[in-house]
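S.K.: Residue-level listing of the chains:
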Amino acid sequence: DAGVIQSPRHEVTEMGQEVTLRCKPISGHNSLFWYRQTMMRGLELLIYFNNNVPIDDSGMPEDRFSAKMPNASFSTLKIQPSEPRDSAVYFCASSFSPPTGDGYTFGSGTRLTVV
Amino acid sequence: QQQVKQSPQSLIVQKGGISIINCAYENTAFDYFPWYQQFPGKGPALLIAIRPDVSEKKEGRFTISFNKSAKQFSLHIMDSQPGDSATYFCAASTIQGAQKLVFGQGTRLTINP
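Protein chains in written order, with the numbering used here: chain B, 1 to 115; chain U, 1001 to 1113.
Derived from the structure by calculation, the hints contain no laboratory data.
All figures in this text were calculated on a predicted structure; none of them were measured in a lab.
Here a beta-carbon is modelled for each residue, glycine too, at the ideal position from N, C-alpha and C.
Be a bit skeptical, because a hint or two may be false.
Unchecked claim - Now the in silico label distances, taken between C-beta atoms and shown as ranges:
(1) B:Asp63 to U:Glu1059: 39 to 45 Å
(2) B:Lys78 to U:Gly1017: 43 to 49 Å
(3) U:Gly1017 to B:Val12: 36 to 42 Å
(4) B:Ser27 to U:Glu1059: 22 to 28 Å
My request is simple: use the sequences and hints to build the entire structure.
M.R.: Below, the structure written as structure tokens:
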């Protein structure tokens, strides 16, 4: 398996534009997590899905953020409209549920810069 | 109560020395405590994990020590090597459900040759 695949790796966009981040989890994993990493706040859980259903979106900062998981092999995180304070590295991770002790597998992240 | 507090923020150790990173939690429902290692430009990767039914777990040069009564756990890296230079995150969760992890703030470890 190629691991968790995120795209794009880097995204530079202007304030006010829509940004869509994509994630392909590991085949067979049934939990998917979106995290945001910044120097100030560390790793923050934004939302997680179990069997394609959103379970907890309490970490989504504002209504500008939305996430979908239309099937077991694909998820998107959308920011509309984007703002400079959204600049961060966004990670997608997947795991088995119930957990097997192998932990999460993270993707390599998308570095988002909003100018 | 959901927080995991990690210290120090940064650590410099000489090659061959012992690196120690500490974490504390408040939620007594947590029963799974992993450590993740992150290299620049990469996502965090699971390094080692412990359940509270044991006080210590060792994998190679990496050891987790767990103190349930104090609600603290720590990572020890023995014979630290320059290749261990990375950011380390402790985390905690309950084993039930989707294993929603709460991460510490991270420790940037530098091993000087």
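S.K.: Does each hint hold? Answer for all of them.
M.R.: A quick look at each hint next to the structure:
no., hint, result
1, B:Asp63 to U:Glu1059: 39 to 45 Å, "43 Å, holds"
2, B:Lys78 to U:Gly1017: 43 to 49 Å, "46 Å, holds"
3, U:Gly1017 to B:Val12: 36 to 42 Å, "41 Å, holds"
4, B:Ser27 to U:Glu1059: 22 to 28 Å, "27 Å, holds"
Checked against the numbered hints given earlier, this structure breaks none of them.
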